[in-house]
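Residue numbers (UniProt numbering), protein chains in the order written: chain A, 1 to 90; chain B, 1 to 234.
If you're looking for bench data, these hints aren't it; they were derived computationally from the structure.
Check the hints yourself; a few may be wrong.
Said to hold, decoys possible - Using C-beta positions, here's what the derived DEER-type ranges look like:
{"#": "1", "chain 1": "A", "residue 1": "62", "chain 2": "B", "residue 2": "11", "range": "31 to 37 angstroms"}
{"#": "2", "chain 1": "B", "residue 1": "11", "chain 2": "A", "residue 2": "49", "range": "49 to 55 angstroms"}
{"#": "3", "chain 1": "B", "residue 1": "116", "chain 2": "A", "residue 2": "45", "range": "22 to 28 angstroms"}
{"#": "4", "chain 1": "B", "residue 1": "32", "chain 2": "A", "residue 2": "5", "range": "42 to 48 angstroms"}
{"#": "5", "chain 1": "B", "residue 1": "129", "chain 2": "A", "residue 2": "4", "range": "21 to 27 angstroms"}
{"#": "6", "chain 1": "A", "residue 1": "45", "chain 2": "B", "residue 2": "52", "range": "45 to 51 angstroms"}
{"#": "7", "chain 1": "A", "residue 1": "62", "chain 2": "B", "residue 2": "186", "range": "24 to 30 angstroms"}
{"#": "8", "chain 1": "A", "residue 1": "86", "chain 2": "B", "residue 2": "117", "range": "39 to 45 angstroms"}
{"#": "9", "chain 1": "B", "residue 1": "53", "chain 2": "A", "residue 2": "88", "range": "28 to 34 angstroms"}
{"#": "10", "chain 1": "A", "residue 1": "88", "chain 2": "B", "residue 2": "52", "range": "49 to 55 angstroms"}
{"#": "11", "chain 1": "A", "residue 1": "7", "chain 2": "B", "residue 2": "123", "range": "24 to 30 angstroms"}
{"#": "12", "chain 1": "A", "residue 1": "88", "chain 2": "B", "residue 2": "110", "range": "35 to 41 angstroms"}
{"#": "13", "chain 1": "A", "residue 1": "45", "chain 2": "B", "residue 2": "11", "range": "54 to 60 angstroms"}
{"#": "14", "chain 1": "B", "residue 1": "28", "chain 2": "A", "residue 2": "3", "range": "21 to 27 angstroms"}
Stated by the list, open to error - Partial selection, computed: residues in chain A whose CB lies under 8 angstroms from chain B:
{"#": "15", "residue": "8"}
{"#": "16", "residue": "51"}
{"#": "17", "residue": "87"}
Built from N, CA and C at the ideal position, the CB exists for glycine as well.
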Amino acid sequence: MLSVLDLVGTIGGAVLGLPGLVGIAFGMMTRKPLVALVLGAAVGVLAPVLLGGSHSTDVPITTLEMAISVVIGVLAAQVGCVIRRRGATV
Amino acid sequence: MADPNNGGPVRKRGLARLWDIIWSPTSVMSVGFLLIAGFIGGVLFWGGFNWSLELTNTEEFCVSCHTMETNLGEYRETVHYNNHSGVRAICSDCHVPHEWQYKMKAKIMAVKDVYHEIAGTISTPEKYEERRLEMAAAVWKKMKASDSRECRNCHAFEYMDFTMQETRAADNHQLAIDTNMTCIDCHQGIAHDLAPGYMEEYKHVVDTLAGTAPARDGSIDVAQIKTYLGLSAD
Chain A
1 MLSVLDLVGT IGGAVLGLPG LVGIAFGMMT RKPLVALVLG AAVGVLAPVL LGGSHSTDVP
61 ITTLEMAISV VIGVLAAQVG CVIRRRGATV
Chain B
1 MADPNNGGPV RKRGLARLWD IIWSPTSVMS VGFLLIAGFI GGVLFWGGFN WSLELTNTEE
61 FCVSCHTMET NLGEYRETVH YNNHSGVRAI CSDCHVPHEW QYKMKAKIMA VKDVYHEIAG
121 TISTPEKYEE RRLEMAAAVW KKMKASDSRE CRNCHAFEYM DFTMQETRAA DNHQLAIDTN
181 MTCIDCHQGI AHDLAPGYME EYKHVVDTLA GTAPARDGSI DVAQIKTYLG LSAD
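Start from the sequences and build out the full structure, keeping to the hints where you can.
Rendered as structure tokens:
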């Protein structure tokens, strides 16, 4: 039960953190889904490196944390890209 | 107004109309107006969100549930509540990370507390005692995995003056540094009472995180099977 909660919490933290928010913002910068994918993946990789793990205690970033961050970053960027295509003419 | 019966455009209502408005280009507002309004709206929304989040970090909020009365009483007997320096660590100082993404994770995971409050899982002292070890183990697991991150928001080996500590404390802190131990390895009952058998449970938590824990409750014990078959346990 705790591991499921842990997973849901990690996903929620990523959605409300840099991968989700900056992912959408990056996605809104382009009309091309492939470019959005690359930008989303990049922010998904960078976010845990910059903010993940625990710098004060040298706790490493886990593979799960990194994977979820990348997936959320990519999905958020795709959503941002759809917003751009739907809501802008340029 | 166009008449739909005569082939004119159908006027949508409710959410469908709102959806159309959202995705229609604006013709009455400048880009500057939208940018400034969006910025101010964003600041207000984010400020309100953060403020609400901080409200859930207060001691009053944490102990507003009936099931929190037992651990509140225990915590009030400890040095983290009352001490000579006047510094107090409240619930969120030990149980909620400071880092944004981990704070959000903790808040989302805390939804289970609301569920158990409603379900009455620990609504009586007997039920509470039955679950005490399990609840403590869940917190120990998080603390051990994060190298006692929340403890270290206030405490750090680097800032300790061992000459001002009791000899026993100074010796053990030096030992902890030398052997790479973390706060929760020794301070399991620092704010709440300990359940019988807590040392065995803590060892199981440590072994689980290290991937060397034996299986429990009749589930498959791979290490035992390997030993039986004469294979290396690794």
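How the hints compare with the structure:
1. 62(A) x 11(B): 31 to 37 angstroms: violated (53 angstroms)
2. 11(B) x 49(A): 49 to 55 angstroms: holds (51 angstroms)
3. 116(B) x 45(A): 22 to 28 angstroms: violated (36 angstroms)
4. 32(B) x 5(A): 42 to 48 angstroms: Since residue 32(B) and residue 5(A) have Cβ atoms about 45 angstroms apart, the given range 42 to 48 angstroms holds.
5. 129(B) x 4(A): 21 to 27 angstroms: With a Cβ separation near 26 angstroms, residue 129(B) and residue 4(A) satisfy 21 to 27 angstroms, so the hint holds.
6. 45(A) x 52(B): 45 to 51 angstroms: violated (31 angstroms)
7. 62(A) x 186(B): 24 to 30 angstroms: holds (25 angstroms)
8. 86(A) x 117(B): 39 to 45 angstroms: 42 angstroms Cβ-Cβ, so the 39 to 45 angstroms window holds.
9. 53(B) x 88(A): 28 to 34 angstroms: 32 angstroms Cβ-Cβ, so the 28 to 34 angstroms window holds.
10. 88(A) x 52(B): 49 to 55 angstroms: violated (32 angstroms)
11. 7(A) x 123(B): 24 to 30 angstroms: holds (28 angstroms)
12. 88(A) x 110(B): 35 to 41 angstroms: Roughly 39 angstroms apart at Cβ, these two residues keep to the hinted range, so it holds.
13. 45(A) x 11(B): 54 to 60 angstroms: The hint (54 to 60 angstroms, Cβ to Cβ) is violated, given that residue 45(A) and residue 11(B) are roughly 48 angstroms apart.
14. 28(B) x 3(A): 21 to 27 angstroms: violated (52 angstroms)
15. 8: Status holds, d = 6 angstroms.
16. 51: holds (6 angstroms)
17. 87: Hint holds; residue 87(A) Cβ to chain B Cβ min 6 angstroms, cut 8 angstroms.
Checked against the numbered hints given earlier, the structure breaks hints 1, 3, 6, 10, 13 and 14 and satisfies all the rest.
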